[in-house]
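Protein chains in written order, with the numbering used here: chain V, 2 to 284; chain X, 2 to 284.
Some hints could be false.
Below, in silico cross-link-like pairs of lysine-lysine (BS3-like), each with a Cα-Cα straight-line distance of 30 Å or less [claimed, not checked]: (1) V/LYS126 x V/LYS75; (2) V/LYS274 x X/LYS274; (3) V/LYS265 x X/LYS274; (4) V/LYS126 x X/LYS265; (5) V/LYS40 x X/LYS284; (6) X/LYS3 x X/LYS40; (7) V/LYS75 x X/LYS265; (8) V/LYS274 x X/LYS75.
Think of the hints as simulated: they come from the structure by calculation, not from any bench.
2 protein chains.
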Amino acid sequence: MKVYLDCIPCFIRQALQAVRFCTDNVDEQERILRKILEKVLSMSWDITPPEMAHIIHGTIRERFGEDPYKIVKKQSNDVALSLVDWMRDFIGENGLDGAVRLAIAGNIIDFAVVDEVIIGESVKKLVNIKPVVYEIESLESSLRDGGSILYFADNAGEVVFDKVFIEYVRLNYQVKKISFVVKGGPIINDATVQDVEYIGLNGLEDVEILEISNGDDGTGPDRNSDEVKKWIKSHDIVISKGQANYEGLNELSGIFFMLVVKCKLVADDVGTKVGDVVLYHSK
Amino acid sequence: MKVYLDCIPCFIRQALQAVRFCTDNVDEQERILRKILEKVLSMSWDITPPEMAHIIHGTIRERFGEDPYKIVKKQSNDVALSLVDWMRDFIGENGLDGAVRLAIAGNIIDFAVVDEVIIGESVKKLVNIKPVVYEIESLESSLRDGGSILYFADNAGEVVFDKVFIEYVRLNYQVKKISFVVKGGPIINDATVQDVEYIGLNGLEDVEILEISNGDDGTGPDRNSDEVKKWIKSHDIVISKGQANYEGLNELSGIFFMLVVKCKLVADDVGTKVGDVVLYHSK
Chain V
2 MKVYLDCIPC
12 FIRQALQAVR
22 FCTDNVDEQE
32 RILRKILEKV
42 LSMSWDITPP
52 EMAHIIHGTI
62 RERFGEDPYK
72 IVKKQSNDVA
82 LSLVDWMRDF
92 IGENGLDGAV
102 RLAIAGNIID
112 FAVVDEVIIG
122 ESVKKLVNIK
132 PVVYEIESLE
142 SSLRDGGSIL
152 YFADNAGEVV
162 FDKVFIEYVR
172 LNYQVKKISF
182 VVKGGPIIND
192 ATVQDVEYIG
202 LNGLEDVEIL
212 EISNGDDGTG
222 PDRNSDEVKK
232 WIKSHDIVIS
242 KGQANYEGLN
252 ELSGIFFMLV
262 VKCKLVADDV
272 GTKVGDVVLY
282 HSK
Chain X
2 MKVYLDCIPC
12 FIRQALQAVR
22 FCTDNVDEQE
32 RILRKILEKV
42 LSMSWDITPP
52 EMAHIIHGTI
62 RERFGEDPYK
72 IVKKQSNDVA
82 LSLVDWMRDF
92 IGENGLDGAV
102 RLAIAGNIID
112 FAVVDEVIIG
122 ESVKKLVNIK
132 PVVYEIESLE
142 SSLRDGGSIL
152 YFADNAGEVV
162 FDKVFIEYVR
172 LNYQVKKISF
182 VVKGGPIIND
192 ATVQDVEYIG
202 LNGLEDVEIL
212 EISNGDDGTG
222 PDRNSDEVKK
232 WIKSHDIVIS
242 KGQANYEGLN
252 ELSGIFFMLV
262 VKCKLVADDV
272 GTKVGDVVLY
282 HSK
């Protein structure tokens with residue numbers, strides 16, 4: 002997917018939020034927002050949303066020399082960890098269906114509101130929403146065949162839900178190896194190896210952590226590189242979480258996309274509405 | 002109120018919508034959006050939202066030589082006119098309280114969705130929402146004292162609700178004259194004299210139409226000019242509809258502000274939440 006014109010104001014809004022995580026000084030916020038508008042004007046818009054995100058958020062990280070989302074990512078992880086007992090009970094009652102619904106519901110975590118009660122309520126509401134696209138029979142059949150899983154993770158906090166999903170799958174299916182893909186450096190609230198270590202996902206047996214680029218040099222291969230295509234080919238099952246991975250991988254076949262649809266443009270592409278819960282197996 | 006940094010992405014989003022009313026050509030849309038970003042960068046942000054709106058929307062009107070909102074304003078008027086019988090019944094049952102709730106509910110009309118069913122449902126839901134700030138006793142007492150009313154209108158479509166409100170007030174209180182203030186030229190979906198004529202508000206006895214500037218030269222005095230302050234002083238009751246009039250007049254005392262709060266920044270200023278219904282008498 003390429004950037005739509007609607008992405009421009011949305012990226013500017015998101016950038017302002019990131020700037021505010023770094024400084025309370027309104028004059029400084031204005032200076033950086035102006036710099037971001039200059040960047041947006043100077044770049045081609047014939048790129049993908051992740052490419053644009055890299056340029057915009059790289060500008061903010063450069064200015065502040067740190068990850069603006071560091072604190073909210075830790076908060077998201079902590080809130081999600083506080084829900085683990087409830088998650089395990091839910092899966093105990095609902096099996097694979099519960100594990101999948103939870104993994105998708107974790108995609109709702111919004112770093113703008115990191116509050117245990119609010120996130121807990123959102124997630125508990127979301128797991129009970131009937132998915133609009135829900136190809137769980139395909140997923141179950143693939144899991145029964147066993148083998149290896151390549152799992153493209155999305156956000157901090159959400160990775161706790163992924164961990165609980167993976168624990169369930171490892172216990173109930175003949176899965177040999179799980180390659181868990183995170184970002185090789187900070188970009189928005191995407192999970193990195195630090196998040197995975199913090200929540201203990203790297204401690205699971207047969208789980209390997211892979212890193213793809215956040216857009217900076219030396220942070221791993223691009224999601225759409227030949228190397229990542231090789232990873233995809235060398236695994237039996239590929240699971241992709243969230244919108245950005247959908248935008249990057251939706252032209253490939255045989256991938257299980259799990260996401261909460263958060264934006265009208267992705268909704269139009271998937272054929273659903275904003276807020277819908279989706280497990281889609283690409284043809 | 003001055004522009005907040007949050008207004009920047011919001012104005013860009015709104016401008017994109019206006020551009021799309023003018024052309025379906027995506028390349029042309031991108032060219033104009035880029036021009037708008039350049040304008041936003043070149044202007045001071047130490048101005049009011051209406052001043053920024055004038056610069057941005059003036060750029061679009063200049064490019065297309067017409068009012069981008071012309072069609073949606075007519076649609077809004079038509080939809081509101083189709084609800085007049087229901088409005089009169091509602092006021093018949095609820096008196097001044099009903100007339101005020103309707104006048105405020107008309108402020109919800111959103112030009113992005115001009116659909117009879119959707120607007121009708123929104124309005125019918127909104128008139129039943131308990132206002133958070135609702136100084137109707139002050140308004141009733143002022144109306145009982147009678148005299149003249151200066152009425153700052155907001156949007157096309159909404160003016161139909163204002164008309165029904167004014168009809169009720171003229172019939173039930175000793176009001177001598179009503180000066181109805183619209184924009185002297187197009188700006189977003191604000192009502193102009195064309196809208197007032199289209200819905201027949203200028204045909205009411207004792208109603209005079211006044212025009213304030215849309216930002217272009219020769220379209221009338223500014224809302225915050227000495228001339229408009231004279232209008233305010235020379236009327237017994239002043240009613241202000243909507244957010245932009247609130248932003249412009251909220252520092253004056255003795256004004257009745259009627260609005261649906263649509264933006265977090267105005268909500269913080271009024272001390273309410275987004276979506277709240279307000280009749281506020283400034284001190």
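What are the numbers of the hints the structure violates, in ascending order? 5
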